[in-house]
Amino acid sequence: MTIEFSAVQVGEEIPLLTLCPINRTTLALYCGASGDHNPIHVDIDFARRARMPDVFAHGMLSAAYLGRLLTAWVPQDKVRSLSVRFTGITQLGHLPTCTGKVIEKFCEAGEQRVRLALSCTNQYGEEKLAGEAIVALA
Amino acid sequence: MADKNLIGHSTGVFSIDVEKGRLRFFAKAIGETDPVYIDEAAAQAAGHKSLPVPPTFLKCLESEGRDVVQLLDLVGFDLGRVLHAEQSFVYHHMAYAGDVLTFDGRICDLYEKKGGALQFVVMEARVTNQDGEHIADIRSSLVQR
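Line by line, the protein sequences give chains Y and V. Be aware that the first sequence starts at 1319, since it is given in the working numbering, and climbs by one per residue. Be aware that the second sequence starts at 800, since it is given in the working numbering, and climbs by one per residue.
Bear in mind the hints are in silico, worked out from the structure with no lab data behind them. The model shown is predicted, which means the values in this text are computed figures rather than measured ones. For each residue, glycine too, the CB sits at the ideal point set by N, CA and C. Any given hint could turn out to be false.
Some chain Y residues close to chain V (C-beta under 8 angstroms, calculated; not the full set) [what the hints assert, rightly or not]:
1) 1321
2) 1347
3) 1350
4) 1354
5) 1397
6) 1402
7) 1404
8) 1420
9) 1423
In silico DSBU-like cross-links for lysine-lysine, where the CA-CA straight-line distance does not exceed 30 angstroms [as the list claims (entries may be wrong)]:
10) 848(V) <-> 827(V)
11) 1396(Y) <-> 827(V)
12) 913(V) <-> 803(V)
13) 1396(Y) <-> 1423(Y)
14) 912(V) <-> 803(V)
15) 1396(Y) <-> 848(V)
16) 819(V) <-> 1396(Y)
17) 1419(Y) <-> 827(V)
18) 1396(Y) <-> 1419(Y)
19) 827(V) <-> 803(V)
Pulled out of the complex, with its shape left as it was, chain Y reads as follows:
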């Protein structure tokens, strides 16, 4: 289904994306697949030496979930930009939910675009990532 610019309203939420709880396997897989081999995400001994209670999720894993949120809504070649701020640490057992809301409709570079406010929160409603994306719509 193609999303049309004229049918989208400011304030509208795009379909949310609910993920599985983060476990150690999630982090091991993301470590290997992403190429981010920082031991703080997979090696509890290293994490404790760095004065963290345990390993914790890669911020970029949640950013990838926000990427999925966008490409589930529109084809990827419509995504013009994506920016995220990491506002909290995602711990083991957290259950991320990604949401997006249309906050602006505008024309730029000869095309119709919308700006989305993005958020990734855990099951307690704590925000872990805040972001923005610009998407072109026909």
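Since the structure of chain Y is provided, determine the placement of chain V on it from the hints.
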């Protein structure tokens, strides 16, 4: 405090192959089930030349080509104390499996907050493909706590 003279310092230019297997592994790791990112026939049916590089994977390719620890040493950061603060991507063209992407990076800012308790380094990279097409600009901000 990191050396402000490093602002503008090149973090190097490197090229990297986008491998189909790596994209599938990444799709698995992030729970992606859209066949466009897993099955080449589905990608082609959707108008792509091969499996697309998903929105945030450009950052993964970038860290593949750079020795992060060496980079952190340059700015005097310790891996165990570093967190990712911000990340952004501006997209110009799609990238696909089979492409060879070139990353041209530089340090674009160094600053501190809370009286030096938090130190930030901001890096940018311009990404182009084998045909010289401008794929994206990516910007990363790291903080040492």
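Right, here's what the structure says about each hint:
no., hint, in the structure
1, 1321, "violated, 15 angstroms"
2, 1347, "holds, 4 angstroms"
3, 1350, "holds, 7 angstroms"
4, 1354, "holds, 6 angstroms"
5, 1397, "holds, 6 angstroms"
6, 1402, "holds, 5 angstroms"
7, 1404, "holds, 5 angstroms"
8, 1420, "violated, 18 angstroms"
9, 1423, "violated, 19 angstroms"
10, 848(V) <-> 827(V), "holds, 21 angstroms"
11, 1396(Y) <-> 827(V), "holds, 23 angstroms"
12, 913(V) <-> 803(V), "holds, 17 angstroms"
13, 1396(Y) <-> 1423(Y), "holds, 14 angstroms"
14, 912(V) <-> 803(V), "holds, 14 angstroms"
15, 1396(Y) <-> 848(V), "holds, 16 angstroms"
16, 819(V) <-> 1396(Y), "holds, 22 angstroms"
17, 1419(Y) <-> 827(V), "holds, 27 angstroms"
18, 1396(Y) <-> 1419(Y), "holds, 16 angstroms"
19, 827(V) <-> 803(V), "violated, 41 angstroms"
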